[in-house]
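**Student:** Chains F and C supply the protein sequences, listed in that same order.
In this note's numbering, each residue's number is its place in the first sequence (first place is 1) plus 14.
In this note's numbering, each residue's number is its place in the second sequence (first place is 1) plus 545.
Be a bit skeptical, because a hint or two may be false.
To be verified - When the alpha-carbon atoms are kept at most 30 Å apart in a straight line, the in silico DSS-like pairs for lysine-lysine are as follows: (1) F:K300 to F:K374; (2) C:K676 to F:K195; (3) C:K614 to C:K655; (4) F:K209 to C:K674; (5) F:K209 to C:K676; (6) F:K105 to F:K208.
No lab work stands behind these hints, which were simulated from the structure alone.
No experiment lies behind these values; they were computed from the predicted model shown.
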Amino acid sequence: MNPDSLNGVKTPKILFFSNIVILSIFLMPIFYLVYRFLNFSTSYTSFFNSWNVLDLVGNTFLLFVFVVLSSLTVGISISIITVRFNISYPKLFFTLSVLPLVIPSYIGALTYISAFSSKGLYVQLFSNLGVTEISGIDGFFGSWLVLTLFTYPYVLLICSTALRNLDSSVEDAARSLGKNKFQIYTQVVVPRLKKPIIFSGLLVGLYVMSDFGAVSLMRYPTLTKAIYSYYELKIDGDPVIFYSSLLIVMALFISFIQRGTDLSKSSKVSGTPKISERSNLGAKSKFFVYLFLVFIIIMSLILPISVLSYWLIRGLISGNSVRAVFGGVVGSLSTSLIAALFSVIIAIPIVIMVSQYRSKFGNFLERIMLSLYGLPHIAVGVSILFITIKIFPSIYQSFTALIISYLIVFLPQAIATGQASMEQVKASYLDASDGLGNSKFQTFYRITLPLIYRGLFAGGALVFLSTMKELPQTLLLRPTGLNTMAVDIWSYASEGLFTQAAFSSFILLAISAIPTYILSTRNLTK
Amino acid sequence: MVFDSLILRARGLSKSYGHESVLNNFNIDIWEGSIFGILGTSGSGKTTALRMLAGFEIPDSGSIEMHNKIIFNNEINLPPENRNIGMVFQDYALFPHLNVEKNIAFGLTKQEQNSGRLQEVIEMCNLTKYKNKIPQELSGGQQQRVALARALAPRPEMILLDEPFTSLDAQMARVLRDEVVSLLRETETTAIIVTHDQEEALSICDIVSVLENGNVIQSATPQEIYLNPISRSVANSVGDPNILKGFSVDGRVETSLGSFVSAYEGALDVAIRPECIEISLNSTGPYTVKECIFYGHDQVISFQNNKGEEFRARSLPSVIYEPGDKICIEISEVTTFPSKN
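Based on the provided sequences and hints, a complete structural model is requested.
**Tutor:** Given below as structure tokens:
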């Protein structure tokens, strides 16, 4: 990653050992699941017979395939439209299309359920027109719709960046070799986007596979929903462990393929890329393009926000008080801040080890950390839950266990941004500093830290955001008495208490807007 | 070399971005089978000119004809894919998702690929060994060959080369330059080469156009450009002449280095190339050696007259000159042009 790194320089011992400790904590959930898996009291075949495993896996897979395909279609289309076509306000359309990214899947599901269920908004609004009953949006269709609408922005972000960085002199070359404008897209542009397309598609797939919020509210039986149902029944740990292991294996497989698509190679160009000019569209095609953009923005942004606003106002009119959501706000803020702080502190030694001392262990560490990124949150939560019950009862249902579980899942975000900012720390700077008489620690303090602190801050902000939206781990591990907004929203939504759910959702979105805005407007890694 | 038919004619091509004019009334005539050079510094508009000929950039005005058929004017604009003009890009623009063979085959139809044309081009450009590699695995010189092979494969009417040797190191550039030129000559391909390198332009082109600030200042054979530049800036853009001020009366101009025949009257610039000044050691000579820079194949001697004015001469490396040596000079060739101010 960094060609200027100190090859062959020995890693300081303190760095090495702190990383060993971090690594073992991080691998613990997987090892524990493997251990439990090998020591089941029942036979494996009976799992398949008794708990409709194949159905659950099939459902999960079906949702995976459909959401990935639809997300890719929407995301790639909007990328090409906003980057390459001559439409009015391309930046505005782009920003509005990316915004649904901040809406967690359970809030998205909440808005569609609360709008279209039998006692939902649609029926209430049109009851005097004779509408009394509608079939509602739930199950596979509901999960597919909601997950597509709130995951396509990942595809849009990744593919539009890649599209913008495509050196268009290659397209000029293709034209000089006799290809027309349409052939350029099929033969040069899309093939060159193959890696970002696969990468973002699998990212969406991982999201779908690990999603708990949307499928549970939509009552679509997938692995994650089954894990939570069995946990709630509390009859026996085996099925929970079994499904979690299965989910982890599937996720690791997907993230393994995903990491095989090395994005850095495909987007790398020599020098500054030549920027392609926007192509003109005919009036008729322009109309359909606008229609498409507006439709997607209404479905993924305007409708959810309007529905939430409606319930919020109704709740306020009927006298919902702030006190009901206060506990959740405090719980969310405290857990998120602490998780963010610790993620930054832990990321520093790892980032330094990986970037500056490219030892074999560093490489190994990096690989492990990257593969942890795809871990389904609910499975990690389950593993930590059982570890605390069986091995460390002293931290069972404690704040510590909850934070550890968050960190295992979210630390890769802090590491990735830290790594990106670490690229600026050239080995020659460090040599120069050493040569001017600074100790290793002084060099870190005077050179490395000032160069990477913005990146670390950005990483912390990302972890803060993710923790705030996190649902399944909090549900499984929260100490008695701790509530977060995510938990509130989900519980109220499951019970059909839409006005309360909308209240918390609004506060959650408002608070997340701040770090999201900072992250999106400034390049914090440089 | 004799060329008898015109393949491309561009007249009055202009282009500006906002208020900034990049190309101003650009005219060229390209003869079939010739290698044509456009020489200019960066920002002179040479790449814009090339991209207009290829069809990537739309001129604000002017016209382009190929084989006496209009391919661009204010009504017609033949898209680049139908111009049958090949292009070698400065950064090569090889398709990173295709291997060498597929890159070269890109502009060929299925029938053409199977007819043996593909193999022919690959062999012609010495790329057989590399045909299964992806561009990123190749050295700069090899990438350059692939770019040329790809452009040549569909047998274009002509090919345009944008600073083709700039990204290579000097030795590699020289080797490839020879290869490319002999390939172009062998296949009788018309070529336009855009370059900022005067040696490159002079050594490989049949005709050179000197471009400055979007204007063509002179188009002529390399010899003509070098020996009879029409202005001081052309003289400066090819070689590094001594420029002397003078005033011409009755066809003769007096300068600090002597008096010469002049085609113009009045205030003049006189350009004398360092290699046109022959020097010899002479203890009573009127000039004093100030500095001598040794290049191997030759040396450049800076010398002064008694007024302290400084000049440069180029001579063979055999004689050693030391600062302070007295010398005589003999001037074989001068060029004069009217002074601008």
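**Student:** Against the structure shown, which of the earlier numbered hints fail to hold, in ascending order?
**Tutor:** 1
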